[in-house]
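*Asks:* Required output: the full structure, derived from the provided sequences and hints.
These protein sequences, in sequence, are chains X and H. Per this note's numbering, the first sequence runs over residues 1 to 190. Per this note's numbering, the second sequence runs over residues 1001 to 1319.
Just so you know, the hints here were simulated from the structure itself, not pulled from any lab data. A couple of the hints might just be wrong.
Unchecked claim - Computed footprint of chain H on chain X; a stretch qualifies when at least three of its residues, placed anywhere within it, have a C-beta under 8 Å from a C-beta of chain H: (1) 61-74; (2) 115-128; (3) 140-154; (4) 162-169.
What the hints assert, rightly or not - If you want a taste of the chain X side facing chain H, the calculated C-beta under 10 Å gives, among others: (5) D4; (6) L37; (7) L39; (8) R40; (9) Y44; (10) R46; (11) A47; (12) E110; (13) L111; (14) E135; (15) L137; (16) T158.
Backbone N, C-alpha and C define an ideal beta-carbon position, used for all residues, glycine too.
Spelled out from the first residue to the last, the chains are:
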Amino acid sequence: MTDDAAIKRWFTQEVLPLERDLVRFIARHCRNEADVLDLRQEVYERALTGSPIDRLRSTRSYVFTIARNVLVDRARRAKIVSFEQIADIDLVDLDPDLLAEERQMTARDELRRAMAGLDQLPPRCREVVRLRKVEGLSIRETAERMQVSHHTIERQLTLGLRALASFMLGGEARISRPPARPMPVRKADA
Amino acid sequence: MSAARDIEQQAAHWLVAREQPGWSADRESMLQAWLNESVGHKAAFWRLEAGWNAADRLAAIRGGDRSPAPRSWLPAPIWAIAASLVLVCMAAVSLWQFGLRSADPSIIRVTTGVGGRRQVALTDGSAVTVNTASTLRASFAGGKRRVWLDRGEAFFEVAHDKRHPFVVFAGGRRVTVLGTKFSVRRDGDTVTVAVAEGRVRVEDSDPATPERAAIITAGDVAIARGRSMLLADRSEQRVQDALTWRHGLLTFDQVTLDQAAHEFNRYNRRQIRLGDPRAAQLRIGGSFQATNVDAFTRLLHDAFGLTVTSDSDGVTIKS
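*Replies:* Next comes the structure, spelled out in structure tokens:
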């Protein structure tokens, strides 16, 4: 759908470059790392469901207004957060950190960043991601090359993809283990 | 347990799967269904996709050099101008290579790697499925429907339009249709046209020899090389068998092992070699997953007692 394509373009070109600041802002009001992820996700969901007219405004103030509302809602639900904290959340617009110009990444910056992200991955995961991104190998070919199971490569690649994508968006290339239960996404022929 | 992390993991699974050679239209529609389930799925998927694609520059370090290029000594603006000039030159060279006078935005270009397969909807309502290691260009400028198969193989489902013939150029041959389903394949200078439905006309693309044309219908296969063209009347079933690659399968009916190995080698970096003539002339039949060399060679071992030896770049089959 054209509409969907336009929203996707806006999301990837205007919202995602703010991720680094957004996560930093959320983390300042929330200590639990898993909660930060959930709150970030909620901000993105609200940003995507918001009315198209709202999105015409400055994306930065739009996204941070949503972030503030999400934090306020959470504080209300928790019922143990003091009013000072909620008042503090309102100061977001005055924070010089958050008014910083978006940094434009050049091709060279992007390559440096990608290499730095790759280096932060654990050795085996790094090799799997390297074979995919640099050599262009499929999971099957990687499994043959490294003499380990298809499943292992798929798992390492999934973890590496998440870590490297986060790093490219300004986060840390930290491996985030998936839950132990099976994932609903399977092969179509399974 | 974080719900966001859960969704992110699912999105990552989809992204990884989508990059694999076996990705099909069925799975693409499953992915679309998953995305349409909730805006949260879209947010997670688009986010990971953007971040993961941003790391695509890593392909630049291919060849073992893992250190970033040294800083340029030129001041930034000059460096930028130089870089854009290089880009312009590269674009000009590639356009020139393909025989185009000017940049034409209406040209659609589809490329697949070894083991890859892509399905593309064309603007005239036709659909094309592009097989392994192929390059195809399509242009619908000026009311003409023209496609160039630069290498590899493609299957066309052409939308009927009497007034605008659909023309495929491949290795000196021109295939003209009004509305039908057929495939065109290039193997070096050999062009093979197989018709699944309707009629097509195959001729030299050199207008000086217009008499060298043949009309072929469903079940027919035309094999053209140099100045000669062979017409084979195969059954429609045989033509359908030859098209099972659209589902990731290779179907053989009493072909030599040599021919089967050649087919497999189009889809895999790991090449199958035949160690002796006796093994090469064995005849086999059946359907196989195009990218599963192991399953195929295991069967050769189990069913024919052939010896299978693996090394770094492929397998050797001996009797």
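*Asks:* Hints first: check each against the structure and report whether it holds.
*Replies:* Here is what the structure says about each hint:
no., hint, verdict
1, 61-74, "violated (count 0)"
2, 115-128, "holds (count 3)"
3, 140-154, "holds (count 4)"
4, 162-169, "holds (count 7)"
5, D4, "8 Å, holds"
6, L37, "4 Å, holds"
7, L39, "8 Å, holds"
8, R40, "7 Å, holds"
9, Y44, "4 Å, holds"
10, R46, "9 Å, holds"
11, A47, "8 Å, holds"
12, E110, "5 Å, holds"
13, L111, "4 Å, holds"
14, E135, "7 Å, holds"
15, L137, "8 Å, holds"
16, T158, "5 Å, holds"
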